[in-house]
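Peer 1: Sequence:
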Amino acid sequence: MAKKADERLRFYAERFPLVENDASYYALPDQKQAKLWVERTPEKFTMNFKAFATITTHPTDPKRLPKELRESLPADAREKRRLYPKDLPKELIDEIHARFWVALEPLRKAGKLGAILLQYPDWFTITGKNKSEILRARELLPDDRLAVEFRNRLWMEERNRDETLAFLRDNGLSYVAVDEPQGFPSSIPPVDAVTAPLALVRFHGRNAENWKKPGLTAAERFDYSYKKSELEEWLPKIKRMEEASEEIHLLMNNCYGDKAVNNARDLSELLARR
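Note that the sequence shown ends on residue 273 in numbering that gives the first Met the number 0; no numbers are left out.
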């Protein structure tokens, strides 16, 4: 398995038509890097990107901000390990988000930009204020395909499900269906809903033991290898989603070692045999 980022991208691009970049959640991408992504991938390759943390109300480490933005922070803020959007001046937030949009322009022009994943935190409940927050992200990225993933079960409880899906549909936002451990306040049921021309499924694994265990890395939480029988459970759901959409993205996020790559191959084989 390739270890360097450029080697991994080449490895994926030779085997799959799509990859999701989640490094853009932790640090702002830049145009120079985006141009390299365009150059190093096949003509019809697609890249999805996870929105930078502050776009989806998450905190960020100030050390991950570009130097000139970090230096514009008040001294006490520079020393903090986590800064929430509410802790930052509006002008700085606007600049951060503008840079995220600009950085992806080479991929837009090349037709290789897939979807921007808006993954909201588990404290982000179904309220009018939070719906407005999602629409703010829509305004920041007006021409991009946006896909919304919730981490709070209230959005997709039966009493709220129709309201949630109608909200996404009315605003041209793709619902992200998920496969993940159940039984937690953050658990979203595996609903195969389609709310926009682009449908998405993200497979996070089913490692319930690690899902909310303190002190683990993200990769350790997603340490799970799907059995083929578990992937087969999704085949009828995927078929329904294909029929209700123009395009579908199936993404393995069980990113521990080579488990995501192996399961992506497994799912590809199952789909090819239908």
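These aren't lab readings, by the way, just hints derived from the structure by calculation.
Worth double-checking, as some hints may not be accurate.
Unchecked claim - Label-pair distances were calculated between CB atoms; the ranges are: (1) R63 - K211: 21 to 29 Å; (2) K211 - L270: 39 to 47 Å; (3) L215 - L270: 26 to 34 Å; (4) K34 - A218: 23 to 31 Å; (5) D60 - P213: 35 to 43 Å; (6) D21 - E42: 18 to 26 Å; (7) E268 - F10: 14 to 22 Å; (8) A165 - K227: 34 to 42 Å; (9) E232 - T124: 26 to 34 Å; (10) P196 - L269: 38 to 46 Å.
Unchecked claim - With a straight-line cut-off of 16 Å between C-alpha atoms, the simulated EDC-like cross-links for lysine to aspartate or glutamate are: (11) K236 - E246; (12) K211 - E78; (13) K236 - D191; (14) K238 - D257; (15) K66 - E42; (16) K62 - E78; (17) K85 - E67; (18) K3 - D222; (19) K108 - D161; (20) K258 - E219; (21) K43 - D29; (22) K211 - D222; (23) K66 - D29; (24) K111 - E70; (25) K130 - E67; (26) K89 - E132; (27) K128 - D142; (28) K130 - E94; (29) K111 - E219; (30) K79 - D60; (31) K226 - E268; (32) K238 - D169; (33) K85 - D29; (34) K128 - E78; (35) K3 - E42; (36) K43 - E241; (37) K227 - D265.
Ideal Cβ positions, reconstructed from N, Cα and C, are used throughout, including at glycine.
Peer 1: Are the hints correct? Go through all of them and say.
Peer 2: Hints, one by one, checked against the model:
Between R63 and K211 the beta carbon distance is about 24 Å. The supplied range of 21 to 29 Å therefore holds. At roughly 31 Å, the beta-carbon separation of K211 and L270 lies outside the given 39 to 47 Å, and the hint is violated. Restraint check, L215 to L270: a C-beta distance of roughly 31 Å satisfies the suggested window 26 to 34 Å. Between K34 and A218, the C-beta spacing of about 28 Å keeps the proposed range 23 to 31 Å intact.
Evaluation of the 35 to 43 Å hint for D60 and P213 yields a failure: the beta carbon distance comes to about 19 Å. The supplied range of 18 to 26 Å is met by D21 and E42, whose beta-carbon atoms lie about 24 Å from each other. A hinted range of 14 to 22 Å for the beta carbons of E268 and F10 is consistent with their spacing of about 18 Å. One distance hint, 34 to 42 Å for the beta-carbon pair A165 and K227, holds here, with the actual separation near 35 Å.
For E232 paired with T124, a C-beta distance near 29 Å keeps the hint of 26 to 34 Å intact. Distance hint check: the CB atoms of P196 and L269 are about 24 Å apart, inconsistent with the given range 38 to 46 Å. Taking the CA atoms of K236 and E246, the gap is near 14 Å; set against the 16 Å cutoff, the hint holds. For the suggested pair K211 and E78, the alpha carbons sit about 28 Å apart, so the restraint of at most 16 Å is broken.
Taking the CA atoms of K236 and D191, the gap is near 6 Å; set against the 16 Å cutoff, the hint holds. Simply put, K238 and D257 have alpha-carbon atoms about 26 Å apart, too far for the 16 Å limit, and the pair is violated. Taking the CA atoms of K66 and E42, the gap is about 34 Å. The hint is violated against a cut of 16 Å. For the hint linking K62 to E78, the alpha-carbon distance of about 9 Å falls within 16 Å, and the restraint holds.
For the given pair, K85 sits about 20 Å from E67 by alpha-carbon distance, which is inconsistent with the 16 Å threshold. Simply put, K3 and D222 have alpha-carbon atoms about 21 Å apart, too far for the 16 Å limit, and the pair is violated. Straight-line distance between C-alpha atoms of K108 and D161 comes to about 36 Å, which puts the hinted pair past the 16 Å bound. At most 16 Å may separate the alpha-carbon atoms for a hinted pair to count; K258 and E219 meet this at roughly 12 Å.
Distance check on the hinted pair: K43 and D29 sit about 22 Å apart at the alpha-carbon level, beyond 16 Å; violated. Distance check on the hinted pair: K211 and D222 sit about 13 Å apart at the alpha-carbon level, within 16 Å; holds. Of the supplied pair hints, the one linking K66 and D29 holds, its CA atoms being roughly 13 Å apart against a limit of 16 Å. For the hint linking K111 to E70, the alpha-carbon distance of about 33 Å lies beyond 16 Å, and the restraint is violated.
At most 16 Å may separate the alpha-carbon atoms for a hinted pair to count; K130 and E67 exceed this at roughly 32 Å. Between K89 and E132 the alpha-carbon distance is near 14 Å, which keeps this suggested pair within the 16 Å criterion. Annotation: proposed proximity of K128 to D142 is violated, straight-line Cα distance about 23 Å (limit 16 Å). Of the pairs offered as hints, the one joining K130 and E94 is violated, with about 22 Å between alpha carbons and a cut-off of 16 Å exceeded.
A C-alpha spacing of about 30 Å is found between K111 and E219, which places the hinted pair above 16 Å, so the restraint is violated. At most 16 Å may separate the alpha-carbon atoms for a hinted pair to count; K79 and D60 meet this at roughly 8 Å. Taking the CA atoms of K226 and E268, the gap is about 13 Å. The hint holds against a cut of 16 Å. At roughly 23 Å between alpha-carbon atoms, K238 and D169 are farther apart than 16 Å, so this suggested pair is violated.
Among the hinted pairs, K85 with D29 is inconsistent with the structure: their alpha-carbon atoms are about 24 Å apart, more than 16 Å. The straight-line distance between the Cα atoms of K128 and E78 is roughly 30 Å, outside the 16 Å bound, and the hint therefore fails. A distance of roughly 22 Å separates the Cα atoms of K3 and E42; the hinted pair therefore is violated under the 16 Å criterion. With a C-alpha separation of about 20 Å, the suggested pairing of K43 with E241 is violated against the 16 Å cut-off.
For the suggested pair K227 and D265, the alpha carbons sit about 7 Å apart, so the restraint of at most 16 Å is met.
Hint violations for this structure: numbers 2, 5, 10, 12, 14, 15, 17, 18, 19, 21, 24, 25, 27, 28, 29, 32, 33, 34, 35, 36, all remaining hints satisfied.
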